[in-house]
Structure formats: C-alpha cells, structure tokens
Amino acid sequence: DTGVSQDPRHKITKRGQNVTFRCDPISEHNRLYWYRQTLGQGPEFLTYFQNEAQLEKSRLLSDRFSAERPKGSFSTLEIQRTEQGDSAMYLCASSLQGSSPLHFGNGTRLTVT
Amino acid sequence: DQQVKQNSPSLSVQEGRISILNCDYTNSMFDYFLWYKKYPAEGPTFLISISSIKDKNEDGRFTVFLNKSAKHLSLHIVPSQPGDSAVYFCAVRGGTSYGKLTFGQGTILTVHP
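These protein sequence lines are chains A and B, in that order.
Mapping the first sequence onto the working numbering, position 42 (from 1) lands on 42, and the numbers just tick up by one.
Heads up, the working numbering is the position in the second sequence plus 113, with the first residue counted as 1.
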C-alpha cells in the first residue's frame, strides 16, 4: 500500500494527557499537511511542511499543538495537555509541490474524556 | 469568516439522475478548485479539479463547472449511482496562502436505487 498512512487509527485519552500521532506520506511527496475535522464540518487546516521546513501554521492553532517533520519524511503531531475540545479526527495529507491535489490518510480519531 | 461555503447540507437523488453539488467562495484570488469525496471512517479522496483559467473540466461521469464572476463552483454527477453516496467537499487554493487547501463544510449525497 503506497498511500498516506496514519497511526494510531483511534486514541482515547484523559483530559490533561499528552498525545502524539504519526503520519507517513506517499514516498515521493515533498509536502505534508495536517488537518482537523469535527462532525459536520470540512477539514480545517492546521499546518504544512515542505520537506522538513514548516511553512505555514494556522493562526487558530493553540501553542499546545506542535508538529515536526525532522528528516522530511514522516511527521508527528503532538497535543499537550489535551482538552475535550481537542476531540476530532486528525487527518494527514501529502502532495507534490505545485498544482497537485492532496492525498489524505484515513485519519486518527482522538477522543478526550 | 467562511471563505468557502456549501449551503446545502444534504442532497437526495434517484439512481440514474443527475446530482448537482454547489459551492460558493469569497476570494477572487483563489486559482485552483477541487472536489473531494469522503466515505465514513476514511479520509477524503480526490475526485476532480479545475484551474481558474478554465470554466469546465470533465472526467467520466463527473464534471466541474467554474463561474468566476459569480464565485461559484459546481459538481455534476451523471448518471448518479448508489455508490456515489458520500460526503462531498469542495476545496480551494490561493489567496493569501498558496500552499494549503481551504475546505467547505460538505454536502451529504444520498443516491437511492
């Protein structure tokens, strides 16, 4: 399978705990994106990387959220001190630079209790 | 402020008929427009796209129309099939951020046999 891979698929955590998600993009893609989706809404942009450089971060993104892509391949998204409002589907996508569509993984569903 | 709006939360169509999904946007600087389809428990899947220099793009049963003066995008599916039942998102690129896609809220399409 050469698509975008996300791990874990589901995560249940207690409020105040830290969580980390991993994304492995399509191997030849140099751009990697993180989005968040809640029920009844479209995917909401969080941040994106070109190779290892983080080029843009949403203004709405709390400083409890941090993402890395240290070697320009896989990426991790960490949420510190989780809150119930962080419960959502976290989607990762990758693309080639330029006019190419984003290819999404199947997401990590986070539930904060 | 919502830059991309899908005003119909749901659409119900008979098999074999045409499905028309609509999307409005606010920023005339957007230059690339896409439609994604999403099944439950999966990530969004790219369907079709159009650049701002065109007004129509076809791919099999799917046609996207772009009306730049009205800032309006539509997706036509003909003939509709039960397997087309899914959530459809429009997405745009450009404006102040060239790298990311901004998504609408989605329209749930149900195609009845």
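Simulated from the structure, these hints should not be mistaken for lab results.
We put the CB at the ideal spot given by N, CA and C, even for glycine.
Mixed in with the good hints, there may be bad ones.
Straight-line alpha carbon distances no greater than 27 Å define the calculated DSS-like cross-link-like pairs of lysine-lysine that follow [claimed, not checked]: (1) B:184 - A:11; (2) B:169 - A:57; (3) B:150 - A:57; (4) B:184 - B:150; (5) A:57 - B:118; (6) A:11 - B:118.
Take a look, some chain A residues computed to stay more than 12 Å from chain B by CB distance [as the list claims (entries may be wrong)]: (7) 12; (8) 37; (9) 45; (10) 78; (11) 83; (12) 93; (13) 95; (14) 106.
If you want the ones that stay clear, here's a sample from chain A, every Cβ over 12 Å from chain B, calculated [as the list claims (entries may be wrong)]: (15) 9; (16) 15; (17) 18; (18) 31; (19) 100; (20) 103.
Structure-based check of each hint:
Taking the CA atoms of residue 184 of chain B and residue 11 of chain A, the gap is about 39 Å. The hint is violated against a cut of 27 Å. Restraint check for residue 169 of chain B and residue 57 of chain A: not satisfied, since their Cα atoms lie roughly 32 Å apart, outside the 27 Å limit. Note on residue 150 of chain B and residue 57 of chain A: the hinted pairing holds, with a Cα-Cα distance of about 25 Å set against a maximum of 27 Å. The straight-line distance between the Cα atoms of residue 184 of chain B and residue 150 of chain B is roughly 21 Å, inside the 27 Å bound, and the hint therefore holds.
For the proposed pair residue 57 of chain A and residue 118 of chain B, the alpha carbon gap of about 22 Å is at most 27 Å, so the pair holds. Only pairs whose Cα atoms come within 27 Å are accepted, and residue 11 of chain A paired with residue 118 of chain B is rejected, the gap being roughly 31 Å. Against the 12 Å criterion, residue 12 of chain A stays outside the reach of chain B, whose nearest CB is about 16 Å from its own CB. For residue 37 of chain A, the shortest C-beta to C-beta distance to chain B comes to about 9 Å, within the 12 Å cut-off, and the non-interface label is violated.
Listed as a non-interface residue, residue 45 of chain A fails to keep its Cβ farther than 12 Å from every Cβ of chain B; the least gap is roughly 5 Å. Every Cβ of chain B is farther than 12 Å from the Cβ of residue 78 of chain A; the closest lies at roughly 20 Å, confirming the non-interface assignment. The claim that residue 83 of chain A is not at the interface with chain B holds, since no C-beta of that chain comes within 12 Å of its own (minimum 23 Å). With 12 Å as the threshold on Cβ separation, the claim that residue 93 of chain A sits away from chain B is violated: the shortest Cβ distance comes to roughly 8 Å.
Once the 12 Å rule is applied to beta carbons, residue 95 of chain A is inconsistent with being away from chain B; the minimum gap is 9 Å. Not every C-beta of chain B lies more than 12 Å from that of residue 106 of chain A, the closest at about 5 Å, which undercuts listing it as non-interface. The Cβ of residue 9 of chain A sits about 9 Å from the closest Cβ of chain B, inside the 12 Å cut-off, so the non-interface label is violated. No beta-carbon of chain B is positioned within 12 Å of the beta-carbon of residue 15 of chain A; the least distance is around 25 Å.
At roughly 24 Å from the closest C-beta of chain B, the C-beta of residue 18 of chain A stays outside 12 Å, upholding its exclusion from the interface. Separation of residue 31 of chain A from chain B is inadequate, the least Cβ-Cβ distance of about 7 Å not exceeding the 12 Å criterion. Consistency note on residue 100 of chain A: stated as away from chain B, yet its beta-carbon is not over 12 Å from all of that chain's, at 9 Å minimum. A beta-carbon of chain B comes within 12 Å of the beta-carbon of residue 103 of chain A; the shortest separation is about 7 Å.
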